[in-house]
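Number of protein chains: 6
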Amino acid sequence: MPQPDHISALSVPSPDSLEDDLQAIWAKCVEKLGFVPNVYSAYSLRPQRLRNFMKSYNEIMLSDSGLSKLEREMIAVVVSSVNRCYYCLVAHGAAVRQLSGDPQLGELMVMNYRAAGLSSRQRKMLDFAWKLTTAPAEIGEADRGALRQEGFSNEDIFDIAETTAFFNLSNRMASATDMMPNPEYHKMTR
Amino acid sequence: MPQPDHISALSVPSPDSLEDDLQAIWAKCVEKLGFVPNVYSAYSLRPQRLRNFMKSYNEIMLSDSGLSKLEREMIAVVVSSVNRCYYCLVAHGAAVRQLSGDPQLGELMVMNYRAAGLSSRQRKMLDFAWKLTTAPAEIGEADRGALRQEGFSNEDIFDIAETTAFFNLSNRMASATDMMPNPEYHKMTR
Amino acid sequence: MPQPDHISALSVPSPDSLEDDLQAIWAKCVEKLGFVPNVYSAYSLRPQRLRNFMKSYNEIMLSDSGLSKLEREMIAVVVSSVNRCYYCLVAHGAAVRQLSGDPQLGELMVMNYRAAGLSSRQRKMLDFAWKLTTAPAEIGEADRGALRQEGFSNEDIFDIAETTAFFNLSNRMASATDMMPNPEYHKMTR
Amino acid sequence: MPQPDHISALSVPSPDSLEDDLQAIWAKCVEKLGFVPNVYSAYSLRPQRLRNFMKSYNEIMLSDSGLSKLEREMIAVVVSSVNRCYYCLVAHGAAVRQLSGDPQLGELMVMNYRAAGLSSRQRKMLDFAWKLTTAPAEIGEADRGALRQEGFSNEDIFDIAETTAFFNLSNRMASATDMMPNPEYHKMTR
Amino acid sequence: MPQPDHISALSVPSPDSLEDDLQAIWAKCVEKLGFVPNVYSAYSLRPQRLRNFMKSYNEIMLSDSGLSKLEREMIAVVVSSVNRCYYCLVAHGAAVRQLSGDPQLGELMVMNYRAAGLSSRQRKMLDFAWKLTTAPAEIGEADRGALRQEGFSNEDIFDIAETTAFFNLSNRMASATDMMPNPEYHKMTR
Amino acid sequence: MPQPDHISALSVPSPDSLEDDLQAIWAKCVEKLGFVPNVYSAYSLRPQRLRNFMKSYNEIMLSDSGLSKLEREMIAVVVSSVNRCYYCLVAHGAAVRQLSGDPQLGELMVMNYRAAGLSSRQRKMLDFAWKLTTAPAEIGEADRGALRQEGFSNEDIFDIAETTAFFNLSNRMASATDMMPNPEYHKMTR
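Protein chains in written order, with numbering that gives the first Met the number 0: chain A, 0 to 189; chain B, 0 to 189; chain C, 0 to 189; chain D, 0 to 189; chain E, 0 to 189; chain F, 0 to 189.
These are calculated hints, taken from the structure and not from any lab test.
One or more of the hints may lead you astray.
Once the Cα atoms are required to be at most 30 Å apart in a straight line, the calculated DSSO-like pairs of lysine-lysine come out as [as the list claims (entries may be wrong)]:
no.	chain 1	residue 1	chain 2	residue 2
1	C	123	E	68
2	C	130	A	123
3	D	68	D	31
4	D	123	F	123
5	D	130	C	130
6	A	68	B	54
7	B	130	B	31
8	C	186	B	68
9	F	54	E	130
10	F	27	F	54
11	B	130	A	130
12	B	186	B	68
13	C	31	D	54
14	E	68	E	31
15	C	130	A	130
16	D	130	D	27
17	A	31	B	54
18	F	130	E	130
19	C	27	C	68
20	D	27	C	54
21	F	186	A	31
22	E	130	D	130
23	C	68	C	123
24	C	27	C	54
25	C	130	D	31
26	C	54	D	130
27	C	123	E	130
28	B	130	D	123
Predicted, not measured: the structure shown is a model, and the values here were computed from it.
Same shape as in the complex, but just chain A (with noise of 0.2 Å):
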């Protein structure tokens, strides 16, 4: 039985019909990775919309932190699979195979983070994300100093929460519109 391949159970405006700066970024995206990420196709339904999401999730993944990409990656994948988001957890479990060259680090992050040999700081990272996605009205400042003992600074706890929080966001997007991930994912760094 071949599996979905609808985009979103919304409508999806036909690129053409996107503004010049959108296209642009259509262009973009097909010479660096081949295709158009299905999440930008999606969101394309409201444009301003999705240039705003652009723009945050470049700044939330991408821009400085004292969180490597790595790292940022990694709180996606947890709290995409606390939230089993189907579309984030193909997307962002093929960014942990590359950005860390290990296959099984990006199976681990989708399936069960505890089991993985993570260091002291990257699993004090991942139950705060973690606990702040399944219980945020539970977090305290043990949590916090926790992270703190692990010498993470004020601002790299903000990141922390920022990337768990945008996660949040994002999965319930891709669950809302039953987004589905482009295939191209699927092979990556295997």
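Start from chain A and add chains B, C, D, E and F according to the hints.
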């Protein structure tokens, strides 16, 4: 015992250390609201992220949409109620009271939206927001169908989803940083 | 859309059909409060049960105890917050505001008591009430020990437990009957 | 390893230190049952509260109602099963066995009421009690409607609700005080 | 209302249609116990699976182990209590009563093992079984360490785990097939 | 940071200390698969239990059944996804990819089977497995009826139940022993 008067459990930059565009926003807030919302002050630890947050916030809550501003605030409060987010319940509870002119409606959204006297359209909208917050992986075509039956379009469903998703982000930022709301909200439209 | 103005989803006897002792209480309520609390009207469907309910209520909330009246109201609101009971949150949230003279404290109890500025004694008391409400079978000697360490006596622990237990009863009566609070509570001590 | 023989984890007054009315009740219990139920002994730490508890208990469980005494005991056990309350499961499990003359029915209420051979009326009654115990905020008109369809009157629904609510109170008193049931219950109607 | 007297919600083969080895086991059960346990009859729908089930069962519950037979039955009942499995609670509750000669211990395992008077070794063993049943993905080295500190060897930990795991299997077989226990268990060792 | 390379958190016997029948199985595994599955090595701490485990496993997963081998592997992975079992998700995720020739299907079973393009028959089968895993006490005739409507026979329902139940056993063995999967699984059928 006096209530906490910190803005955030993380450090908060002095307003006059901020770049000009942010200082201008601070001034406009004081002019229009009488105060700078603490979420801005807390977020100013990471200025570019604050800019993105404000941009997303304004688009989601204030731009043109098939959802009224009140409906978007109702979603904001119901999501914050699931997550028991003190900051967002205070600030957006006040917004529901103001936009509706109905103080009880604000309380109902904070305490239990199922007890409110809602139209079928609004009840279905909030049921979707509740489920997308508590069990995103279980959202399916039947849930979207229930919204379509109330006349919500693809764009409206997108906006319900994104408003829900955005407060799942902001609730977690507030909880992660122990953000305290400005006291001014408490007395509004009682 | 106007909010529901029923008292209960079950039938409510006409006040003048009630026996004399209850009519006298109705009169005293109007004299002292300006209204008859809807919980009395709803409960008057079963008059003897109403008499017992009032007797238990007055003993638990108003009689001599090692817990102050405010502390008992704080427990009432925190339990009602777990159970998302609209009636009790409105009525006892108002009582916390009145007894403390601190409107924010009322909101904190309704929304998330963990964000409040509490003494260690009160935090432990409310942690016990929360756990006894959500996971009664897991209460053990360690939980009682935490209260004893704050100086609570056997009688005090009994009273914390019974106040918690009583609101687990009354929250369920309010939810089962869709009991709506008198509108007068909303404006008190804002 | 012998089982615990304390009555309560809190202090228990000597019976002869109690006021006359309570001593008279103690004597009547010994005469009729052969023992004083431990819940009375445990509650006698706070004598007026014991009086109120007994009064509520007798009204709810023994007075005239559209629910039979057996049905009220079935609710008591199912609620205590949700809350895994050892005291109440032992004492009221025995009551179900006695009133029904059916030892298996007692075990079914303790272990999983869904496996029992119940009439539709009793199944709906217990489904309501289960939901009101586990998710009170989600009770709505559909749940009351399911009871009305089985012929339950307003007064009957009130009594189902109050029986459920009362055991949510007493389960928590028993768990908070580690109340142990009298050993005599174990052998009854086996 | 008479309790259900079916063996399974699925079809149950006539005993004389079974192969000789199974008929011999049936005969031996009648000789030793006075009846054929309904789990065998229900499982005989798939005869080779029944053979494997009996083999595993006998090895896990009856062969040499660092855990006593009573301890293994205690685990069986606690796991079945989590899963609210009527068949297994009845049959193995009886086994705890028989092996311990302590009817109350059987009830405590069924109702709430935390209220029992257990040695530290047995309490830790059952805490492990509870957590492995309710939150297997959160078991970690600290949980195994708590068992090692009580003197449990690697083989003992294996046996605690497998007994727990086996009843997570058999509880689900009983619930999936609505398996009813033989009435003979109810009266044993009361 | 290299991933854990232990087989089990409990001790693992040297292969040449095993009895001849097990050594023969080890040799056959190496011949057919290129490696001995770590679950066998971990289980060899208790050799007779390993023999029983293999016998049950082979019967449940490989013998004649109304369920295809792929369907049984799909159940295995969905159950392991509920329980977040790293070992079983890796090993049986690979089996789904191999048997279906569809790498995405494997990922969907691991991440969220509700997002897959399944026949109604398979969706109902997996819904049953999910519920039997998460809420076994709530399985009732309606759940079995949903399977019968898809054409599943009594034997088929038995097999769905037993496959689900078996992975609830094996997931807990893997989690209790921190069993790590052989690295060979990761690259299969990508």
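Restraint check for residue 68/A with residue 54/B, where alpha carbons must lie at most 30 Å apart: 24 Å, holds
Holds or violated: residue 68/D to residue 31/D, with C-alpha atoms at most 30 Å apart: 18 Å, holds
Pair hint outcome, residue 186/C versus residue 68/B [Cα-Cα no greater than 30 Å]: Between residue 186/C and residue 68/B the Cα gap is close to 25 Å, so the pair holds against 30 Å.
Restraint check for residue 123/C with residue 68/E, where alpha carbons must lie at most 30 Å apart: Since the Cα atoms of residue 123/C and residue 68/E sit roughly 41 Å apart, the hinted pair is violated (cutoff 30 Å).
Distance restraint between residue 27/D and residue 54/C, which requires alpha-carbon spacing of 30 Å or less: Holds, because 24 Å separates the two Cα atoms, which is no more than 30 Å.
Holds or violated: residue 123/D to residue 123/F, with C-alpha atoms at most 30 Å apart: Holds - the C-alpha atoms of residue 123/F and residue 123/D are around 26 Å apart, at most 30 Å.
Satisfaction of hint between residue 54/C and residue 27/C, Cα-Cα up to 30 Å: Holds, at roughly 15 Å.
Given pair status - residue 130/D, residue 130/E, alpha carbons within 30 Å: 25 Å, holds
Restraint check for residue 31/C with residue 54/D, where alpha carbons must lie at most 30 Å apart: The hint holds at about 27 Å.
Restraint status (C-alpha distance of residue 130/C to residue 31/D at most 30 Å): 37 Å, violated
Agreement of residue 130/B and residue 130/A with the hint, judged by alpha carbon distance not exceeding 30 Å: 19 Å, holds
Distance restraint between residue 68/C and residue 123/C, which requires alpha-carbon spacing of 30 Å or less: Cα-Cα ~17 Å, so holds.
In this structure, the earlier hints numbered 1, 7, 16, 25 are contradicted, and the remaining ones agree with it.
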